[in-house]
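Trainee: The chain contents come next:
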Amino acid sequence: MRIVVIGNGMVGYKFCEKLTAKLPAGAADVVVFGEEIHPAYDRVHLSEFFSGKNAADLCLAGTSWYGEKGIALHLGDPVQRIDLVNKTVHSYKGLAVPFDYLVLATGSAAFVPPIPGVEKEGVFLYRTIEDLEMMTAYAPKARRAAVIGGGLLGLEAAKALLDLGIADTHVIEFAPRLMPRQIDEAGSDMLKDRLQQLGLTIHTNKNTVAITGEECINGMQFADHSVLDVDMLVISAGIKPRDELAAHAGLQTGPRGGIVVNDKLQTSHPFVFAIGECALHNDFIYGLVAPGYEMAEVVATNLAGGDKSFTGFDMSTKLKLIGVDVASFGAPFIGPGQGRTLVWQDTIKGVYKRINTTPDGKYLLGGILVGDAAEYNMLLQTVKNKVVLPPDASEVLLGARGGQHSGAGSGVASLPDDALICSCEGITKGAIAGLVQEGCETLDGIKKSCKAGTGCGGCVPMVKDIIEDTLKAQGKLLRKMVCEHFAYSRQELYDLIKMKKLYSYDEVLDELGKGDGCEVCKPLVSSVLASLWNDLVLAKGNDTAQDSNDRFLANIQKGGTYSVVPRIPGGEITPDKLMVIASVAKKYNLYTKITGGQRIDMFGAHVSDLPLIWEELVAAGFESGHAYGKALRTVKSCVGSTWCRFGLHDSVSFAIKVEERYRGLRAPHKFKSAVSGCIRECAEAQSKDFGIIATEKGWNLYVCGNGGSKPQHALLLAADLDSETCIKYIDRFLMFYIKTADPLTRTATWLNKMEGGIDYLRNVVVHDSLGMAEAFEAEMQQLVNNYKCEWKEVVDSPELRKRFNHFVNAPGEKDPQVQFDGMRDQKRAREWK
Amino acid sequence: MSVNSTQQITWFMACTTADVPENGGVCVKYQEDQIALFNFSRRGEWYATQNLCPHRQQMAISRGMIGSQGGEPKVACPFHKKTFSLEDGRCLSGDDTCSLKVYPVKVEGNHVYIGISDDEALSEVLA
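As given, the protein sequences belong to chains W and A, one line each in that order.
If you read the first sequence in the UniProt record's numbering, its first letter stands for residue 1, the second for the next number, and so on.
If you read the second sequence in the UniProt record's numbering, its first letter stands for residue 1, the second for the next number, and so on.
Misleading hints may appear alongside valid ones.
As the list claims (entries may be wrong) - For the chain A half of the interface with chain W, some residues (derived, Cβ under 8 Å), not all of them: (1) GLU22; (2) GLN31; (3) ARG43; (4) ARG56; (5) ALA76; (6) LEU92.
Claimed, not checked - Computed footprint of chain W on chain A; a stretch qualifies when at least three of its residues, placed anywhere within it, have a C-beta under 8 Å from a C-beta of chain W: (7) 12 to 19; (8) 34 to 42; (9) 65 to 72; (10) 94 to 108.
Hint data in this document are derived by calculation from the structure and do not stem from the laboratory.
Using N, Cα and C, we set each Cβ at its ideal position, and we do this for glycine too.
Bound conformation, chain W alone:
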């Protein structure tokens, strides 16, 4: 069997690829004729030619590929004549090749409107690599350029002109708007705005009547009598199917061009097929690559003995035009009575979105996206798979409000296995998932084995999501392993340590890890042990596994000295205690500063002075402030109803109660709290990991806020609580956080990553959806009961005090390298080198 293919463009190549994959080697003799001298290249990404890609980069397969597949490739040799009677093609170079089947993949040519002057120098088409090379050569001479055609290709050509360095580029569109086939008027207006911001000048309703100049173009004249001086012009006013060869051979063609084909892509001659942009199917020319590929699939399947039909194709498309996303999917335009339309636009950001639903609002019919097409894939799949829309259809456009962002990709899991993910290559979700299960676990691997994502590339984010979802389903997900010593996540370690009742770092390492540990797993395990048992962190065996600050129960500062922060619950302190702090600071020559958390920090303490300083502080009734730990820091408060004329409740007393309950509680990260006595919020509770604000009826509890580098306001978890319930909810909230958060993750980040967001968290904490509330409260009570001031324990233990020396062989002697400078009547650490 000999199959001759005329045309070596994207679709012609795809046909060869599919045919050779379906047929056993040697079953058919395939001969390909191509007009251009390059083997088939990626015309879709032609404009990348100007951003540095060359013909080889765009090439779909080198000539050696055709050799390997046993395909005879004749490039630069267009077929001149088809002899249907003798079933033979005659080429320009004089070859006469008989065929059993003939496949016409002659594609299309640029449509050149009959404008006087189109033959002048400086007028180009935008179609082939040669066109681009000629434009590149001419562009340095041009100062102002124009493109005729404001459709998809025309805008691509305009981008090419910008890329060639012609900043003054105009787009001339005959129709009243840009991209009239894909987007509606409002979308077009938005696109026009965006493109004009990027430096293009757009003219619509402009009919070019003449191209002026002697030999070279120097201007354009329009039907409205206006003129535009240009020295370069690119025509991209649409396509014209290449049907002249077929028409000449006597095959039936359409009145406005195109080779007429049936559902098998057969022409009026049963042994001759036409595929791609040259084929006229149901009076429609498909000017996109994906339907062309589908046609190639149909013909290749049928020639290989299968049975497939082509019954039309979705014309959805997404592209980036000069950096602006434009997408059109399903039915972008619907008439009155056909359904409902929802439009959203942001004229500041230049975003326009439109979706069309069925009259009952249940199903998505199609839509248009301009400026931001991130949701394109999900929306397209929602149309194709008839996924039922949420009651508030705007959620599919804007994401569910008030909770987690549910952008594109998050919904891949809801798609059925037969959902078409890569429409260029016709690859379903099931096929991709299958490959992942067989061990092909990377995007590159998937691209290689089934070609998904290699066409327009629009499905790549979904392919990634499918890979991740499938791996997750296999329990394989790129696990967040702590480090090389533990093949577990923090949450898994927490559960295992609890279950196996392990109490020291070494026990944990022996039972669950390998190697000798490191600066990542040691503090992590120590924190988990502290969260679980609340034993003294400096107990033998655990001391050296503590993070540097926990090991000395103080914050190391520049120069190697430490800072001392006694707890001042709620920020309330007596004058007597203030005097103790003052005398201690004076005695040990410490720099003092009020902290952001309503307490007093004393800096510049030598390590050997720490037990002496704390001995005095403890004797005066102070406790550790845990400023060094991943633990509760402070519970700030405003003065509240005891003094303030606006205060609703006694915020100071409640803050002290809360601070004393959770003091010393270790967690994946530090956490802070505040209590405000009224809605004026002087304690800034909404910027805390948990914040409490007095209401007329009780307390509002806010959670998961923080200041720091990425400030985030806390969200309301529950309203109008009595004090007891408020504490209960905080118990549950904190235990849930301690158990499930990744290491060094503040509550805000923890919530941001939580599926279901604040609603889910509220279900767990308030509605006890996990059935864990009682256990959380009991565990918290256990930790509260186990609390001891760790500095008091050190002060009381000669053995532990020994560790607070700079020199092991010269106890009490201070580090001579520590140096201070004076500043504003106090001292500061000497600047390090």
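Given the coordinates of chain W, work out where chain A should sit on it, guided by the hints.
Mentor: Just chain A now, with coordinates in the frame of chain W:
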């Protein structure tokens, strides 16, 4: 240990084994210099390095956490968590510009000795 065997080594008694916490370090005063001494009991090894962090010139290495990376013993500086090999002192955090000087250690009975090679003035390291 990266000490040339032809060099003359002076051993000085730093402390007793009980003075150094298991899997932790202490700082030893030697004349006017400071040496970090580590009791890596998990590996049954002792190591010694300069106490000065080469990154910010802080006397802090002895307060760092020790551990291993691919089987190689290391210490992490408590200031910025740069890690250094305890075997040859090179930086394991990708900073080729700094490293630690290392010293041989020997334990006799319950006494720990650190070896100083005579031709090397420690103060050079600190200069």
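Trainee: Tell me the numbers of any earlier hints that the structure contravenes, in ascending order.
Mentor: Those not satisfied are hints 2, 6, 10.
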